[in-house]
Amino acid sequence: MKLRGTVAAALASAGILLAGWQAGTQAGGTSTVGSSTTAAGTTGSTGTGSFGRGSSGAGSTGTGSSGSPDSSASGTYKGTAVQTRFGAVQVQITVTNGRITEVTPLQLTDTDGKSIQISNRAAPLLRSKVLAAQSADVQTVSGATVTSRAYLTSLQAAIDAANL
Amino acid sequence: MQQISDPGVPDTGGPVLKARTFECMGTVISLTLAADPLTERQPTSDEAAAVTAVVEVLFRDLDETFSLYRPDSEASMLARGELTLHEASEQMRERYAEAHEWRLRTEGAFTPERPDGVLDLSGLIKGHAIREAGVSLLALGRRDWCLNAGGDVLVSGSPRAGSAEPWNAGVVDPADRRTLITGYALGGISRHKALATSGSAERGEHIWRVGGGPGFVQVSVAAADIVTADVLATAIVSGGAPALDLAADRWDVAVLAVRSDGSMLATPGFQPG
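Residue numbers (this note's numbering), protein chains in the order written: chain A, 1 to 164; chain R, 1 to 273.
Since the hints were derived computationally from the structure, they do not count as laboratory data. Don't take each hint at face value.
Said to hold, decoys possible - Straight-line C-alpha distance at most 25 Å; calculated SDA-like pairs for lysine to any residue:
no.: 1; chain 1: A; residue 1: K78; chain 2: A; residue 2: K129
no.: 2; chain 1: A; residue 1: K129; chain 2: R; residue 2: D261
no.: 3; chain 1: A; residue 1: K78; chain 2: A; residue 2: V103
no.: 4; chain 1: A; residue 1: K129; chain 2: R; residue 2: A185
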């Protein structure tokens, strides 16, 4: 694990944005790695090397596939931030058994430096952070299907009655 | 035309709306109309009643065909095996095909069959009815309205006709139906015109899922169209967190999911700020 951490740091300092290839078995083996993030337009590149034997490579995003499935490299690797015509891009990859299992955008900013929302993943929402809507401020109410009977005591019924 | 029920709202006040309701599909459907954008005139009771009647007929026709609570419906005949899908009406086969398409797209989280194998399109029919009603309302020349069928909402335009102001939809708290968790802007300049909410308690299912943590007791999905919102809300209740991730990745939707312990997950669209 310590070795992997060291290698990861070396990869990062070498400017490799994405990496994920066989460990040990193919010294000097070459595999193209990359992601299909919105950094389209930059050239794809190749990283060469194998874990534990030193590595080098130039990082950039492109498209490609990870190394062979039977290799055992695992870990999380951060790439360096790269300027693209869409803004700054930095990604993190998770490698499991030599395969890239996840590519996470860490940073994507537009030319004005504002970060761009590119993930639609759900995150915890704290009630204290949400200003509960007041029924007086809404024109309709969404809830799990109410029966005709339950409607009678619902907020929607009160809103409808106010607009009859 | 006679102008009825003018509440005397000042110019700076809230939007002038007129609502009508009817019962169908075991729930109550509310249609709310905003003032006419050309005349800025509030819809009269007659107008509201006439437009609502069109929507009501559409809902009743679909209910007569697709309700499993009606022994004489086509859906009940199919369920009893007295009719095969091959012999069924075109609209039955169309909805069945649509439901199957959704099953594939949601990787099985949404399904048109009950656990006992009986074809059950009820997860799709209400959304379909709302969608069709929306088409009819637009064909009738109505641009600014809000249709709410048992908590599933489709809007058009704005509550303040001719403006970009969205309709504000509240999302009910599953733990206390008299309060709202949050609100969501629909219509206006928002690309999302529909908001559907599904709950695990709707049909008495267990709220604890096999294979780990608590499931979602309530899921709200905002989307550009009501069928997508409705189907995905149902799929996420049944499929849990994996279905939520799938929906958030593949569709342009906003999702708010409430767990049984009251904690919530929300995609950026439902996050404050």
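Can you confirm whether the C-alpha distance between K129/A and D261/R stays at or below 25 Å? Holds, at roughly 17 Å.
Hinted pair, alpha-carbon criterion (25 Å max): K78/A, K129/A. Please report holds or violated. Measuring from Cα to Cα gives roughly 31 Å; hence the hint is violated.
Take a quick look at whether K78/A and V103/A sit within 25 Å of each other, Cα to Cα. Answer holds: K78/A to V103/A is near 10 Å, not above 25 Å.
Holds or violated: K129/A to A185/R, with C-alpha atoms at most 25 Å apart: Within the cut-off at roughly 18 Å; holds.
In the structure shown, a violation is registered for the earlier hint numbered 1 alone.
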